Amino acid sequence: MAVLLMALVGADAAASSHLAARGVWILAFAAVALMAVSLVVASRRSVQWAIGILAATYVVSLVAQSVSLDPWSPLVAAALLAAAELGHWSIDSRSPGMVERQAHIQRGLAIGAVTAVALGLGAIVQAGSGVAFVASNATTAAATGAVGFALAAIAIIAWRRRDGNLERSA
Amino acid sequence: MSSSPKLVGYLWLAGLGLLAAILFGRPEAAEIGICFLVAVVAGLIGMVRPKVLLSVRLDRERVLEGEEVSADVEIEAQSAVAWLKILAPLPAGLRPSSGAQLQTIHLGAGTQRHLALKLVATRWGTFKIGRLLAESHDRLGFFTYEQLLDQALVLRAYPREETLAKAIRPLETQVYSGNEVSRRTGDGIEFADVRPFVPGDRVRKINWPLSTRRGELHVNDVHPERNTDVVLFLDTFSDLGASGESILLMTVRAAASLARHYLNRRDRVGLVSFGGTLRWLLPKMGVTQAYRIVDALLSTGSEFSYAWKGIDIIPTRTLPPKALVIAITPLLDERTVAALFDLRGRGFDLAIVEVSPAPFLPAPSGEQGRLAYRLWALKREAVRYQYRKVGIPISIWHRGAPLTGALEEVRTFRRFARTSHV
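Quick mapping for you: the protein sequence lines, in order, are chains A and L.
For the first sequence, this note's numbering begins at 1122 and goes up steadily by one.
For the second sequence, this note's numbering begins at -5 and goes up steadily by one.
Same shape as in the complex, but just chain A (with noise of 0.2 Å):
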């Protein structure tokens, strides 16, 4: 499903690039190529190599053909969340021992519930996007400003709720 969802996205970029088509159908077939590679040989990390790869790819055949707003990008986005999520569920049941079908269910319940929200906010921005808004140098350093400080306050709250790794029962 994972694979899949890539591989929509992946032709999804490379149909709708009218400029250097080979290249971007190169780097989502790479990108969906890896995504296979990883779930066979269950490596987590290659899994977000391949997720970014292929949002790159899409990134970059956005800004070649200079449209103003792809319409289908919160779907995109959405399916990008839901393809890693579902590379990483994959992995993570692949355990020798018995898996209970209820915590699949609740794994996925709670995939589909992310990817949602994301679906929606996604949705938000891109309503929020069409609004007439002046750019100058000043709101573009706020709002790296801001991406930074959320994503350092995030790491900041990660990071210190590592506490103590190894609990022992009596």
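No lab work stands behind these hints, which were simulated from the structure alone.
Take the hints with a grain of salt, since some may be wrong.
As the list claims (entries may be wrong) - Derived Cβ-Cβ restraints for the label pairs, each shown as a range:
id, chain 1, residue 1, chain 2, residue 2, range
1, L, T406, A, P1217, 49 to 59 Å
2, L, R150, A, A1274, 51 to 61 Å
3, A, A1274, L, L17, 55 to 65 Å
4, A, A1163, L, L84, 22 to 32 Å
5, A, M1219, L, R54, 17 to 27 Å
6, A, V1158, L, G104, 37 to 47 Å
7, L, G104, A, A1151, 43 to 53 Å
8, A, A1163, L, A110, 21 to 31 Å
9, A, P1217, L, V148, 50 to 60 Å
To be verified - Mimicking SDA-like on lysine to any residue, the simulated pairs with C-alpha atoms at most 25 Å apart in a straight line are:
id, chain 1, residue 1, chain 2, residue 2
10, L, K278, L, L257
11, L, K112, A, G1229
12, L, K45, A, G1218
13, L, K278, L, Y170
14, L, K45, A, Q1227
15, L, K45, A, D1213
16, L, K45, A, S1189
17, L, K122, A, M1219
18, L, K303, L, P351
19, L, K122, A, G1218
20, L, K112, A, G1218
21, L, K122, A, P1217
22, L, K112, A, Q1223
23, L, K112, A, R1215
24, L, K45, A, V1220
25, L, K278, L, V288
26, L, K316, L, Y170
27, L, K112, A, E1221
28, L, K45, A, I1174
29, L, K122, L, V50
30, L, K383, L, R338
31, L, K45, A, I1226
32, L, K122, L, R51
33, L, K45, A, G1229
34, L, K383, L, V404
35, L, K112, A, L1196
36, L, K112, A, R1222
37, L, K383, L, R409
38, L, K45, A, H1225
39, L, K112, L, E68
40, L, K112, L, P85
Treat the numbers as computed from the prediction; the structure is a model and nothing was measured.
Beta carbons: idealized from backbone N, C-alpha and C, even for Gly.
Take the given structure of chain A and dock chain L to it, following the hints.
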């Protein structure tokens, strides 16, 4: 707690997406970044240390080799756990017959679950179990919480004994009553001989038909039933084979079978574990001694040692006079070979059951390998010949063959040796 590489990866994707949106002025890149940011935020919101209580129970603490025992893993979740992996590491010699060693379950808050795991002891031994590793994951698999349960549970798997109809008959009996018909005459049941009456003989022992025919009084002599002393001499200097089947496993199984057989006959049984570490049990009789022997056998292991050891280090009371010493050995160590000759030299009634090491050796490869194997086999045959020459019966017990066959070989030798020397 540890975080998955996914967390860092998602943060990178989010950051790069948002930066690309600013640099290229493309809101689509921001949408991609926001998607991954949403996942990270969702992971952080759902990040609560799970409170899971674990315990393990066994339905019994003692089993026979090959028997099944049920382990019940009780898991009580005080907070919800989306993805809980329970791993029960098992020591070598225990394997799950049903249920999985690694199970992944979902637990709601305040729920209690029981995971059943059936275990089979593939070999005898003392197994320490009760160690559990629980790995809790959040809903999206960003964080992992590990919990270790180290409960001290001991499972004793006793060696499966072979029922022996007959074992090796000792040459000499002891003074206490038992099941072994003594070769001496005295008070008993088994008819031995007839002899002329002498003053002091009991009237009830007179053989009246014979006395009538011969015209003088004759009395019957009978063999008394006595007990015997048996010492099981285990060679634990060396071991060959895997944990599933090895020389030591066979040795202990044979010792357990022989101990049970002789103790059931009200004989006194002792144990000498002759190896890197010397262990012994004084000969005693009864059920308590049976448990003592089995417990001693469970702790038997092969320990490597360079020290030269002879029978001088064995406590004197462990080898009582007129005791039958049954040595169970692969004859791989020179110290055991010499000690057995020494025992015979000191007048002990000795019998050797050789646990054949041949099936545990790798097949010889190449011409030199085959030649070396033949020389090794010839050398062993020469040792056996030396034993037989001094009157020690020795039989080879092969893997998979019943012990009765090897014991019958010893009995046959002893019968033959006795008639030829009379």
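Each hint, compared with the structure:
no. : hint                         : in the structure
1   : L:T406 x A:P1217: 49 to 59 Å : 52 Å, holds
2   : L:R150 x A:A1274: 51 to 61 Å : 57 Å, holds
3   : A:A1274 x L:L17: 55 to 65 Å  : 21 Å, violated
4   : A:A1163 x L:L84: 22 to 32 Å  : 24 Å, holds
5   : A:M1219 x L:R54: 17 to 27 Å  : 25 Å, holds
6   : A:V1158 x L:G104: 37 to 47 Å : 43 Å, holds
7   : L:G104 x A:A1151: 43 to 53 Å : 49 Å, holds
8   : A:A1163 x L:A110: 21 to 31 Å : 29 Å, holds
9   : A:P1217 x L:V148: 50 to 60 Å : 27 Å, violated
10  : L:K278 x L:L257              : 9 Å, holds
11  : L:K112 x A:G1229             : 31 Å, violated
12  : L:K45 x A:G1218              : 23 Å, holds
13  : L:K278 x L:Y170              : 12 Å, holds
14  : L:K45 x A:Q1227              : 18 Å, holds
15  : L:K45 x A:D1213              : 22 Å, holds
16  : L:K45 x A:S1189              : 51 Å, violated
17  : L:K122 x A:M1219             : 24 Å, holds
18  : L:K303 x L:P351              : 22 Å, holds
19  : L:K122 x A:G1218             : 22 Å, holds
20  : L:K112 x A:G1218             : 14 Å, holds
21  : L:K122 x A:P1217             : 23 Å, holds
22  : L:K112 x A:Q1223             : 23 Å, holds
23  : L:K112 x A:R1215             : 23 Å, holds
24  : L:K45 x A:V1220              : 21 Å, holds
25  : L:K278 x L:V288              : 13 Å, holds
26  : L:K316 x L:Y170              : 13 Å, holds
27  : L:K112 x A:E1221             : 18 Å, holds
28  : L:K45 x A:I1174              : 39 Å, violated
29  : L:K122 x L:V50               : 12 Å, holds
30  : L:K383 x L:R338              : 12 Å, holds
31  : L:K45 x A:I1226              : 22 Å, holds
32  : L:K122 x L:R51               : 13 Å, holds
33  : L:K45 x A:G1229              : 23 Å, holds
34  : L:K383 x L:V404              : 14 Å, holds
35  : L:K112 x A:L1196             : 49 Å, violated
36  : L:K112 x A:R1222             : 21 Å, holds
37  : L:K383 x L:R409              : 15 Å, holds
38  : L:K45 x A:H1225              : 21 Å, holds
39  : L:K112 x L:E68               : 14 Å, holds
40  : L:K112 x L:P85               : 14 Å, holds
Hints 3, 9, 11, 16, 28 and 35 from the earlier list are contradicted by this structure; the remaining hints agree with it.
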